[in-house]
Structure formats: C-alpha cells, structure tokens
Amino acid sequence: MNVLFYLSSAIAIAATIMVITRYKPIHALLYLVVSFMAVAMIFLSLGAPFVAVLEIILYAGAIIVLMIFVVMMLNLGSETAQQEKEWLLPKVWLGPSILSLVLLGEIIYLLLRSGTGNASFIFIDSKKVALSLYGEYIIAVELTGFLLMAGIVGAAHIGKHKKKHLHRFLQEEEVSTKIEVRSTKPEDEKQTKPVAYKP
Amino acid sequence: MTVTQHVLIVVGVLFVMLNIAAGLIWVERRMLALWQDRLGPNRAGPLGIFIVVADTLKLFFKEDWIPPFADKKVFVLAPAIVVGSALLSFVIIPFAPGIVVADLNVGLLFFLAMSSIGVYSIVLGGWASNNKYSLLGALRGASQMIAYEVFMGLSLMGVVMLTGSFKLSDIVAAQQDMWFIIKQPVAAIIFFIAGIAETHRLPFDIPEAESELIAGFHAEYSGMKFGMFFVGEYIGITLISSMMTTMFFGGWLGPAFLPPWAWFFIKTFAFILFFILLRASLPRPRYDQLMETGWKILLPLVLVNLLVTGAVALWTRG
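These protein sequence lines are chains A and B, in that order.
Residues 1 to 199 (the working numbering) are what the first sequence spells out, left to right.
Residues 1001 to 1318 (the working numbering) are what the second sequence spells out, left to right.
Calculated directly from the structure, the hints in this document are not laboratory data.
Mixed in with the good hints, there may be bad ones.
[Claimed, not checked] Subject to a maximum C-alpha distance of 30 Å in a straight line, what follows is the list of computed BS3-like cross-link-like pairs (lysine-lysine):
no. : chain 1 : residue 1 : chain 2 : residue 2
1   : A       : K85       : B       : K1073
2   : B       : K1073     : A       : K24
3   : B       : K1058     : B       : K1072
4   : B       : K1167     : B       : K1072
5   : B       : K1073     : B       : K1058
6   : B       : K1058     : A       : K24
7   : B       : K1183     : A       : K127
8   : B       : K1132     : A       : K24
9   : B       : K1167     : A       : K128
10  : B       : K1062     : A       : K85
11  : B       : K1132     : A       : K85
[What the hints assert, rightly or not] Where chain B lies over chain A, by a calculated footprint (3+ residues, C-beta under 8 Å):
no. : stretch
12  : 12-18
13  : 66-72
14  : 143-157
We put the CB at the ideal spot given by N, CA and C, even for glycine.
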C-alpha cells in the first residue's frame, strides 16, 4: 500500500507542476485531470474507495470538462500562449518560488518533528461516509446545499431572457411600431432606415 | 481464484468485447437493411459477414493523416480515451457467477466514473482538430454528455437503494425473485435514454450530426484513429446494453436449461438490436430539444422516482 501511496503522490505533484508551467490552457487542464486521478488513487490506497470514485466523477469528469468547455468557447489562439510565456519568465517565478520553498521547509520540519511516520490504512465504505455526512457534519451539508441553491438560482436569473418566436411578417410590424414610437425623438433618425420594406 | 484463472478471465473478456465490437459492424448493417427493406452487405462471404474483415483492412490501409493545424498530441490522445474508458468499464460487469474481472464494492460508481472520463474523447478530439465544425460538435457533445450523466447516475440510485450495495454481483443477486424492471420501470427507461445520449448514438448523435456538421467532432480523423472512434462507439453500445441487463433485467439469471453466461449474452444482444432498431426508425431531435427534454422532463422524473423509491423502501422496512 505504501508503494502505491508514494507513487501516486509523486504523480500528483509532478502533474500539478506541469499544470502551472504549461502555456496552453487545455494542456494545463489535461494535467489537472491526471493530478485529480492521482489524488483519487491516494484516497484508494488509504482505504477510501467511495471518496476516490467521487473524486473522479465530480472533479475529473464534470468540473474540468466544464472548464475545458469555457476555454474552448474563449477561442484562445497562439497569442495567448505567447502571453503566458511572457508571464512565466524566471523573474516572475522568483518571488512565489521562494515563498513556497519556505512553506515547504515548514511542512518538512513539522512532519519530521511529529514523526507520525506511515499513513495508516483504514477501510471506510460508503455507509460510513453517509453516516458521518448526515450525522456529524449535517450542518455543513445543509449549508453546502444552500450555497449550491443560490448558485443555481443566480445562474438561472442571469441566463433568463425573453424569447419571442414571431413570424417574419409580424416581426416587421413590431419593428415599424417601435420606430414610430422612437421617431418622436429627433436624434433617432439613423434607426428609421430598416422600415423601407413593407409587404 | 488463482492468478492464471484471473488472467484468463481478463484476456477472455477483452477478446470477446473486441470481437463483438467488430462483429457489430456487420450486425448493424444487416439489421438496418432488414428494417429498411434492403439487402445490405451480401457479397463477401456467407450473408456478407466478411464485410468485417474488409472494413477493418480498409481502415488499416487508409492514410493516417494528422492535419498540420491540429494540436498533435491531443489529437492522438482523444481516440484512445474513448476505447480505453469503455473497455475499462467492462472490468466491473459480472457475466456469470465468478466470471468478473474485479467485483469492486464501488462497482457502479466506477462505471459512472469511466463514462464521465469518456466525455474527454469528444471534447479533446473536437478541440484538437482546430476546425469549426469539429469544435461545434465537441461543444454539443460535452454539454449533452455532462447533462445526461446526471440522469444516468440518479436513475441507477433507485436500484442501489433497493439493493443497499454498489456491487454489481449483489445487484444481480437481489433480482433473484423479481427483476428490477418491474420495481423501477421509470428508472430503466431514463437510464436507457441517458445511455443512448452517453454513447451519442442515433437518434442522439448530435455531436456528429452529418447533415449540419459534416462529421462533427471526428471530421478531421482518418484511418485507424477514426476506426478507434468507431470501435469505441460499438463498445459503448455493448456496455450500455450489458448495464441494462445487469441493473434491470436480472443479469445472468434465467431458467436453468441454458448456462448463466448464455442468458447474459442473449439479453445483452436483445438490447444491442434495440439500439440498432432505434437508429433505423427515429429522426434526430434538435439540439435545444434534447437539452430541454433532459433538464425539464427527465431530471424531475428521476428525482420523483428517487423520492418514491426511498419512501417505499422506508415504509416496507417498517
């Protein structure tokens, strides 16, 4: 089990480093998928298969796909890759790397001092997860529910727009009535152009 | 189970699945011809069965061309994902008592995870082709498959509630007295609809709608890379059919005059034929119609189904 744990941890770290150093966003996201799978493997090696599979279904299978979806819609060309390249100059790297190295040092120091050694393998099945979610952590679950509901309502509100399916003849009538209303204002002269055709 | 037995099962499952996927080329074309009152392939071999060999040879010898404007690495990766994820899903399917590669205790969730990984093949294939038709196909495919994954997962949860396990062999064993199609008819129908959308088969082949998008997400693919998408689709059909059999139609269970694996394959084959019949008979809905049906009809239905199942399960338990 220990070999699996260290192997998948190494893959997770390597993949995550690849995520932040790629110039093309899609490649970065693909490495992020690999990283999530490695994290799922870590969960599995520590004896939590339910969480491991959920990690793949939710993170690798749904959230990253939606991110890729957005990146595809943004139509990022080679200019973006160029821009990323400029952002990732050694000069920019320096500050964050020093700070992260200090943090890494702290973690290593703490790990060495506490000396818990090997991660223990405790098998946790889906029933145990469900019992603790709906027992001990019920408030967190409810609050997450509220948060998601707010998100859904917000998205539905932003996405809502009036749909009008009018026949093209009816549409023109509507256009002409609008223009009549508008034409009382003198500065709207430009918009009176499309009135030209009437059946 | 000894190691050699295990290896035999793995190799056997792989061999049978790949052969079924290849054989379905012939089955589909013959059956389509039958239902559309034509002859279909009938030249090579008895009843035209060597069309499989001819088609495979043709795919191997076609020029395997990667467009210069494509993102090469992702372009090559995409067709491998579809076949890989579909084949991995067969790991958890119990073909007969004892004949299963790995009877995971999160088996059902593993199937859902693999089908959600399968989305990447369409998305990446369409994006890497760097072609606007492919990109449109990929966008449609991604939103269609993500939406229908939700209903697919939720429709199966009713069965999990009744069984109390994610293990597929437990689910089959729980159908000893009564198949789940009788207890969960709504879930079975929704699962099948979602399964068609997940495998993007006709009538839901909106990501590759030929009449609008040339060939959609795989418009730029040729040779064996296109062949991988092709094989992946057939493996996907077989997978959804065998999941239907396992979840709702009693898996290997059946009267004793045939061995269990024979029952499994007969039931699965019936669903595969139903897939082909759907292709032969139904027109393709519009993209917005597909999404609207999903979110406005299937999602509420599947939630009501879950609610009722939960209530009845609690009530009968006392």
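Status of the hints after comparison with the structure:
Between the alpha carbons of K85 (chain A) and K1073 (chain B) the distance comes to roughly 20 Å, so the proposed pair stays at or under 30 Å and holds. A hinted pair counts as satisfied when its Cα atoms are at most 30 Å apart, and K1073 (chain B) with K24 (chain A) qualifies at roughly 12 Å. Taken as a hint, the K1058 (chain B) and K1072 (chain B) pair is honoured in the structure, with Cα atoms around 23 Å apart against an allowance of 30 Å. Distance check on the hinted pair: K1167 (chain B) and K1072 (chain B) sit about 40 Å apart at the alpha-carbon level, beyond 30 Å; violated.
Distance check on the hinted pair: K1073 (chain B) and K1058 (chain B) sit about 25 Å apart at the alpha-carbon level, within 30 Å; holds. Simply put, K1058 (chain B) and K24 (chain A) have alpha-carbon atoms about 36 Å apart, too far for the 30 Å limit, and the pair is violated. Taking the CA atoms of K1183 (chain B) and K127 (chain A), the gap is about 23 Å. The hint holds against a cut of 30 Å. Taking the CA atoms of K1132 (chain B) and K24 (chain A), the gap is near 19 Å; set against the 30 Å cutoff, the hint holds.
Distance hint between K1167 (chain B) and K128 (chain A) is fulfilled; the C-alpha atoms sit about 16 Å from each other, no more than 30 Å. The suggested pairing of K1062 (chain B) with K85 (chain A) is violated, with an alpha-carbon distance near 38 Å, which exceeds 30 Å. Simply put, K1132 (chain B) and K85 (chain A) have alpha-carbon atoms about 26 Å apart, close enough for the 30 Å limit, and the pair holds. Judged by the Cβ-Cβ criterion of 8 Å, the stretch 12-18 of chain A is not covered by chain B as claimed, because only 0 of its residues qualify and three are needed.
Remark: the stretch 66-72 of chain A is confirmed as covered by chain B, as 4 of its residues place a Cβ nearer than 8 Å to a Cβ of that chain, reaching the required three. Only residues whose beta carbon comes within less than 8 Å of a beta carbon in chain B count, and the stretch 143-157 of chain A has 0; fewer than three means the coverage is violated.
Hints 4, 6, 10, 12 and 14, counting from the list given before, are not met by this structure.
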